[in-house]
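Using this note's numbering, you'd call the opening residue of the sequence shown number 19 and step up by one each time.
Just so you know, the hints here were simulated from the structure itself, not pulled from any lab data.
Quick caveat, the model's predicted, so the values are computed rather than measured.
Heads up, a few of these hints could be off.
Derived lysine-lysine pairs resembling BS3-like cross-links, with alpha carbons at most 30 Å apart [claimed, not checked]: (1) K113 - K390; (2) K198 - K361; (3) K482 - K390; (4) K361 - K113; (5) K390 - K361.
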Amino acid sequence: MKNIKNIIILAMLLCAAFLPSVQAQITAFEVQPESCEPSPGHDGIATVGFPSGSESYFNVLWTYPDGSTSNSVTIGALAKGSYRVQVSPKDCPDKIVLDEAVAITRECDKRDVQVGITVLDVSSDPCRGTLEGTLFASAFGGEPPYHYSWPERRLRVAVNEHGSTFTCFVTDSLGNVGEKSITLYAKKQECSKDPNEISGPSGYTDDQRFVSAQERMGYSISFENDPDFATAPASRVTISYPIPPSQNISSFRLSDFGFGSHVFTVPANTSSYSTRLNVADSLGVWVDVTAGIDIVNNQAFWIFQSIDPATGFEPSNSQLGFLSINDSLGHGEGYVNFQISPKSNVHTGDTVVADATIVFDDNAPISTNVWKNTYDAVAPTSTLAATISTADTSTCLFTFAATDDAQGSGVQTVDLFVSENEGPYLRYGSYSLADTARITLANDRNYAFISQAVDNVGNRETFKTLPDTAINNNIAPTDILLAGASFRENAARGTSIGTFATMDNDVTLPFQYELVAGEGAADNALFQIVGNRLQTNNTFSCSGRFDYSIRVRTTDVSGLSFEKQFDIAMIQENFTKQTSSNVSICQGSSYTFGNNSYTTSGTYSDTLLTSLGCDSISTLRLSVFPSYQVVENHTVCDAYTWYDSTYLASTALPTHTLQTVAGCDSVLHLHLTVNHSNTAVDNQIACDSYTWTNGTTYTASTTTAQQVLTNAQGCDSTVTLHLTVNHSNTGLVSATACDSYTWHGTTYTASTST
Numbered sequence: 019m020k021n022i023k024n025i026i027i028l029a030m031l032l033c034a035a036f037l038p039s040v041q042a043q044i045t046a047f048e049v050q051p052e053s054c055e056p057s058p059g060h061d062g063i064a065t066v067g068f069p070s071g072s073e074s075y076f077n078v079l080w081t082y083p084d085g086s087t088s089n090s091v092t093i094g095a096l097a098k099g100s101y102r103v104q105v106s107p108k109d110c111p112d113k114i115v116l117d118e119a120v121a122i123t124r125e126c127d128k129r130d131v132q133v134g135i136t137v138l139d140v141s142s143d144p145c146r147g148t149l150e151g152t153l154f155a156s157a158f159g160g161e162p163p164y165h166y167s168w169p170e171r172r173l174r175v176a177v178n179e180h181g182s183t184f185t186c187f188v189t190d191s192l193g194n195v196g197e198k199s200i201t202l203y204a205k206k207q208e209c210s211k212d213p214n215e216i217s218g219p220s221g222y223t224d225d226q227r228f229v230s231a232q233e234r235m236g237y238s239i240s241f242e243n244d245p246d247f248a249t250a251p252a253s254r255v256t257i258s259y260p261i262p263p264s265q266n267i268s269s270f271r272l273s274d275f276g277f278g279s280h281v282f283t284v285p286a287n288t289s290s291y292s293t294r295l296n297v298a299d300s301l302g303v304w305v306d307v308t309a310g311i312d313i314v315n316n317q318a319f320w321i322f323q324s325i326d327p328a329t330g331f332e333p334s335n336s337q338l339g340f341l342s343i344n345d346s347l348g349h350g351e352g353y354v355n356f357q358i359s360p361k362s363n364v365h366t367g368d369t370v371v372a373d374a375t376i377v378f379d380d381n382a383p384i385s386t387n388v389w390k391n392t393y394d395a396v397a398p399t400s401t402l403a404a405t406i407s408t409a410d411t412s413t414c415l416f417t418f419a420a421t422d423d424a425q426g427s428g429v430q431t432v433d434l435f436v437s438e439n440e441g442p443y444l445r446y447g448s449y450s451l452a453d454t455a456r457i458t459l460a461n462d463r464n465y466a467f468i469s470q471a472v473d474n475v476g477n478r479e480t481f482k483t484l485p486d487t488a489i490n491n492n493i494a495p496t497d498i499l500l501a502g503a504s505f506r507e508n509a510a511r512g513t514s515i516g517t518f519a520t521m522d523n524d525v526t527l528p529f530q531y532e533l534v535a536g537e538g539a540a541d542n543a544l545f546q547i548v549g550n551r552l553q554t555n556n557t558f559s560c561s562g563r564f565d566y567s568i569r570v571r572t573t574d575v576s577g578l579s580f581e582k583q584f585d586i587a588m589i590q591e592n593f594t595k596q597t598s599s600n601v602s603i604c605q606g607s608s609y610t611f612g613n614n615s616y617t618t619s620g621t622y623s624d625t626l627l628t629s630l631g632c633d634s635i636s637t638l639r640l641s642v643f644p645s646y647q648v649v650e651n652h653t654v655c656d657a658y659t660w661y662d663s664t665y666l667a668s669t670a671l672p673t674h675t676l677q678t679v680a681g682c683d684s685v686l687h688l689h690l691t692v693n694h695s696n697t698a699v700d701n702q703i704a705c706d707s708y709t710w711t712n713g714t715t716y717t718a719s720t721t722t723a724q725q726v727l728t729n730a731q732g733c734d735s736t737v738t739l740h741l742t743v744n745h746s747n748t749g750l751v752s753a754t755a756c757d758s759y760t761w762h763g764t765t766y767t768a769s770t771s772t
């Protein structure tokens, strides 16, 4: 059966409902403390212990005090200190199954820690030579609180006639380590027994066998081809399990099965199964296996049928079958395992009675024994009480109270969870109701505590949404308040302004206030603090300011502090008179303001004293606008009219004054040049006609024709034509001559009339 157990352990390492059982077997502990010589030794060793053969299924992460990490199962070269380890399944890396701190101690610093081990709720089967029970560890000496290598100080064990040794390591708050080992044996007796039997959860207590109503229940049905009665191998074996009324048939799941030296696994989460097993090499047959649930008859069943490989049918030879006649090596034994859950409506105290029927070939049914368990359906509830140790005010003592429902299995332990500064709740330890837990409170920490009870079948109290109690161990102040933050001008030195108060969870503690350097401390010197009162440390007459800034620190009796900037307002009484005027002048002028004359634009101030001795400030905003001198140069012909005056001759004397938009003079000066036009008479005498220079031909005398030209100064030059046209006379001279005729010097030799 050893191989079967190993397979079961390996199957439990998967990310399934059995994981908590494996988790309970994983421990982290110091293997070797740091030696003292040579100093420091740096030779401490810590490791994680796993169930045999399961180490490869897990991830390991060690975190050193300096923040570095290691993934080794065992770490060495360690100095004294605390080393955190987290273990998670490789198939479910986000599920942490172990999160503990292992203290590496120093050999010469050790103080004795005594460890005791008590054996609880023992159940045994002397016929099989087996014993089961719970080992409970306790410690004293050293410096509590203690850390146990056994989860919740308990270890569920199973031993046989060969014996087993179990060791618990206990580490106190100083890192001192104690250990205790216990060796247990189971005495085997010769007993008669029925090999065809059913066994279920061993539960809590031998008589009632309490089990949790929230947990899946595992059963095993064994069968044997009895050598006292059998004469041939069994060819067909049928097993029936009637589903008890309190169990949910839909939750039925098959587990492994086997016969002789053969072990077979069934796929996870399987409720029906059918396969043919080829075991012809060892048994000479094939085996058809069919298993599942019969809804009509409300039962589970398994059918093992031998098949002759030669024919493919049931063997015709009676000596051919899968289950041999049993011998000392168990070749004629078989088993089936399965799991099934309670119905959701079961109550604490309800019982479940399980049995099975086994049929070998055509023989009469064989009934197994009856296995009975009692349900515990309700988780316990718990409270805790916290008190501060009178011997050491930094130590808090916790006592626990818890109750289970009336018919339940009873409270086993109470877990204490601690949250620091609103962080996550971490399990600090597991305690019996008689235990007192001790926690050393660090300064400037806000603690919250929750208890969670666990009963003897593993029902765990729902984790509370609010803490059972909270402790603020001298939290630093969180704020400073100032009642009154203004004062009146001219107040005497030492006048009270306001009162400081500190926001702190430790409201009964006194606080010290002081002005400190830092952001906002510009005016600290002008103020003082006496007790918790803010006072003036100066006179504020005619200061001209309204707002001041100081920085204040509050410190509690443990030296924890908080700083804050405050703005202080002054209520002004001696007001500084402020007057202003806007004046404009023209360029070339001046304006007298105070004792000065100003000729350029700008802003000028003059400070005087009021009757109260405060400044009276007058402000002048002077604007100087320009005046203009403009010369107008004009050249004209004959005459020029300027601003209602007509000028006939050149002149440089006239001026005319205008106003600019700013009211300043703009003086115009006239520089005038007058050029004159010319007239002339052109006297001409012509015969018959005359063509003048303007291109006009005249045939009669005239005195009115004019022509306008431009003289050298650009003015008109008018010429009048006085023309006398004289006309020519004509006459006929008749002459008769011989050969030739000379007339006015010309000799004509022929007649002519021209």
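Going through the hints against the structure:
{"no.": "1", "hint": "K113 - K390", "verdict": "34 Å, violated"}
{"no.": "2", "hint": "K198 - K361", "verdict": "42 Å, violated"}
{"no.": "3", "hint": "K482 - K390", "verdict": "34 Å, violated"}
{"no.": "4", "hint": "K361 - K113", "verdict": "28 Å, holds"}
{"no.": "5", "hint": "K390 - K361", "verdict": "16 Å, holds"}
Of the numbered hints given earlier, the model fails hints 1, 2 and 3; all others are met.
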